[in-house]
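**Q** Following the hints, put chain B in place on chain H, whose structure we already have.
Chains H and B supply the protein sequences, listed in that same order. full-length UniProt numbering numbers the first residue of the first sequence as 1 and each following residue consecutively. full-length UniProt numbering numbers the first residue of the second sequence as 1 and each following residue consecutively.
Rather than coming from a laboratory, the hints here were simulated on the basis of the structure. Note that the Cβ used here is the ideal one computed from N, Cα and C, for glycine as well. Be aware that one or more of the hints could be misleading.
[What the hints assert, rightly or not] Residues on chain H that point at chain B, a partial pick, calculated with CB under 7 Å:
hint, residue
1, Met-182
2, Phe-185
3, Glu-212
4, Tyr-244
5, Met-245
6, Leu-249
[Unchecked claim] Sample of chain B residues with no beta-carbon within 12 Å of chain H, all distances over it, derived:
hint, residue
7, Ile-484
8, Ala-636
9, Arg-703
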Amino acid sequence: MITSAHLRTGAEAEAASLPPLLAQAEHLAGTVLLGDHGRRRAGLGDDFWQYRPVQPGDSLRMIDWRRSAKTGAQFVRQREWQVAQSVMLWVDQAASMVFSSDKSLPTKADRARVLALAVAILLIRGGERVGLTGTLLPPRRGEGQILRLTDMLLRDEGGDYGTPEARAMLPHARALFVSDFMGDFDSFEAALTKAADRGVRGVCLQVLDPAEESFPFKGRAIFESMGETLRHETRKADDLRDRYMDRLLERKDRLRALCRMTGWHYGQHHTGESAQSALLWLHRAMEKR
Amino acid sequence: MILGLPIGFTAPWVLAALALLPILWLILRAIPPAPIRRRFPGVVLLLGLSDDDTVTDRTPWWLLLLRMLALAAVIIGLAGPLLNPEKSQGGKGPLLIAMDASWASAADWEARRTMVSALLEEAARDGRAVSLQRLNDPQELRFLPADSWASRLAGVLPQPWAATPDQMSALARATDGQRFDTIWLSDGVARDGRDTLLDALQAAGSVRVVQTGQGALGLKPSTFEDGKVLLTATRSESALARDITVQAIGQDPGGAERVLATLPMTFEAGENEATNALSLPAELRARISRFEVQGLRSAGAVTLSDDSLRRREVALIAGREDREGLQLLSPLHYLRQALVENADVLEGALTDLLPANPDVIVLADVAVLSEGEEAAVLDWLDKGGLLLRFAGPRLAASEISRTEEDPLLPVRLRAGGRSVGGAMSWGEPKSLAPFPEDSPFFGLEVPEEVTVTAQVMAQPDPTLASRVIASLSDGTPLVTRKQIGQGQVVLVHVTANAEWSGLPLSGLFVQMLERLAVLSSTAADLQDRMAGTIWQPLKVLDGFGRLEDGQSLPGVPGENLLSGAISRDLRPGLYRDGDRLLALNVLDAETTLAPARWPLSVPVEGLRGAVSKDLSGYLLAAALILLAADVLASLAVSGRLWGARAAAVLALAVLMPTPQAQAQSNDPLIREMVLAHVLTGNRTVDDTARAGLHGLTETLFFRTSVEPGPPASVDLERDELAFYPILYWPITPDQPSPSREAYARLNDYLRSGGMILFDTRDADVARFGAASPNGRKLQSLAAGLDIPPLDPLPADHVLTRTFYLLQDFPGRYDSRDVWVEAAPPDAELIEGMPFRNLNDGVTPVVIGGNDWAAAWAMDERGNALFPVGRGRAGERQRELAYRFGVNLVMHVLTGNYKSDQVHVPALLDRLGQ
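Same shape as in the complex, but just chain H:
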């Protein structure tokens, strides 16, 4: 059982890591400039959309007197409808993400968190509501949500491999799943199809370590999962490389096919690459409908 002392020290450790994560994400988000995205229709908003003649029911306050004085007719100034969309994040926090093959590389979880939070910051600055899948943190807007998201994202989950949380998905919301997708494929399939059923579209970003991509091992070895629940012993690791690569490719293909089927976007990111390019891709992918 976790004691209060443990909780406190754990919380402090997490709190200590929170500013760096936030700063990193802010920094990353700062590299992408964007404005509010309008809904291309009249509604509540700050930007001018069109003038329309006064219709019955319009209050006098709504008449744009300057425009009306020019023509004699009375016009109402309409603004573009700006509506905030809900974006649901799922970041895989399972043990398998806490892996890096080299000291100079970040763990997959770190990279996934940074990317997700950066996207969240961008979206929140863009006026969207961002939350986590599940019921823990429903989408909300405002800077405060960023802190809450940060807090939530820093909580490691138990379990060796993560499964997406597809409950309580808002209909027609958008979603971002960041994971290594090494876990049970059926759960992914179930989550994605369930989300698609509710009209949720989104992006799957597969974050992999370079070592997982190249399998640079040799000799006699015992491979263990990060949670030590799975193990595999081999006497000649380099013999396994080709077959491992085949399997990895197959999994990627299945994931890609699943995404195409459900209308999601599929992307890959390696921790050895720059986070910024991944963020740019993510941002563009999230914009697409």
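**A** Same frame as chain H, now just chain B:
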């Protein structure tokens, strides 16, 4: 010996462990390397995969081989392998190591010593008692533990003499009744009395003889014949042809010893002797002090030359020679005959001959010298000349030295002389009395037939007795002598021809001349000349043929010197008696070297070249290296060889066996030009100077192609100055004066093209000179420096145009007192040029007081540290200060390049002329 290889083992049973290797092979081969545990999320993709190959998990064969080799190296190394192991001599009893240790064994003494050392080691291993004897310097026969001899071995040196039969028979007697084995290191030259000793040694135990096949080689004394130096070398082994080179060594005019000439010599096959003649100019020949066989370190290969090569210069001067054609009556004829053999005879007028500084001047029947001549001769005598005068009718008739002793005559003379045994006299012609003991002629035999019929008579005098060195049978002086300064005057009271006596006709005449050192010594009649003399050793030879000081050794009677038996009491070397030098060499003209013959019962072997060497260290080191390689290989095989580990292991492997790599010099001074200032000890001044040079460095970097490194601070006492083209030396009144060594280095620096910029930093209050404390300090500092005459910097000095065109050289203060090396007085304005061609070199000093460093000083951001002047004029002054600095550095670096004609048109253009 193992398999024909010269390898043995001290602990061969350890090799049995090699049998374990195959077993180890099986065990190692069966055990695969331990697996590595890896955390890897991708394991989920691996589940269910199986290994294709089940064999490759075993250790690869080459890794096994590596390990086997390492283990084998350890086992063999522990077994104590020896390269060239000593054959065990078998004997258990005491061991006598007898060495001839004569000059003939000096040439390969190192090999002999190594061999003895090996023998001692072996004896120590076997626990045998050893006695080490030099046969030519025998000690009491005592058998001691071998270790105690090893420490003394370094002091066992060859002597230039050989063992005498007496010494050998004494040793033979000492061995009576003892049992021991003998190893005899022979020098390969036959010697008398050796058989006696050999018999005795064989009676005591087994005898083994060690000698080289090359034999002994020696050089006989040089002789002088027909204007050439004849050299003869002799050797004991005559089978093969052999070429040697003989070096003539002596002092060059500078007094340093060097090889004056070389002479090749060839021994034909089957010949024992080689002869060659060396022809040299007399001057060079006279300098030769010894001959050596090149590359042979042995007393026998050296022959010293004494006076025999040196030819004395004798000036012969007679009175008027009015009797032409009567050759035999000439007063000089007999002298000439006696001298021409081995002296250089000069004839002519006294005034002409004196400047040639002859060794001897002979005046035959010359009575009076002019006053000038007399003074010159006295002067020459003072310096060690020998004036030999012969009497004659003219001397007898003259009034010289009658009442007063003439300075150039040893005695006063009676008028007229006397004549005995002639037709008009009563007495018989007088014969010579035997020579007294204190006479230089002592020991010469007086021949009966020499008679004297006439002589000049000496006045009785208190000093007469001490001056007579030869007299007639009636006691009247025949030869008298007087010291003058370092020289001497000798008067022979008869004529130099046969008119008054038979002396010039006899052999005694020549011997007497030799004794008087008029003649160089010759081999003839050596015995007679040596009788009764004591010779002091000057230099003696050691066994290797090196000359040592012999002054501390006792004198040697001349007879012994002639007997030629070199021994401890009669060492070869250079001996002196009075003015005469005699060389005693190891070999004399009659010496023949015969090879030593040993009876068949004695085994003879050569010096062992290869000494046994312990190989275990090498093998163990090889094992270590193999194990290190095994670490690498194991890591590689098990996939654990990552970059860092590989580098670490590799570095370890590389560093372990190699000696320290020479650190490459990374001194920035060598790579780039650096400005420097002298540390004064005053921190403020030093910091300002450093900042100033920093500012100047920056300025140079930005404006010119000179890109100096960061400025340096120089401690004159410690730092090398050669790297700095220019030194900035701020003067403070209280800075310490450099030491003498520092001054020497500063002067070197100035002479080799360095420049010092002295800055008294007081131009605001003082002019150049001793008016201020700084000026006075500068004067005292510069007193020890090699500074040329100075001038105020002229308007056409190169400094005014090396980079910028300048006429003022302000620093923080703007004084025009800047002094540089004065222009040569002949510097002239060249046609068409606005300046003279001066200062071909860089001025070694620039002296001023403008506190340039303060004007240059700049902090890291480029801000000026000190205010200069006021407002814009101040900024201009600072700019000019920088320009002066740039010009100065350019001047140092380019010298008079800017005086070059090539640039004149452009400069004229810019000057607007």
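**Q** Which numbered hints does this structure break?
**A** Hints 2, 5, 6, 8 are the ones this structure does not satisfy, whereas the remaining hints hold.
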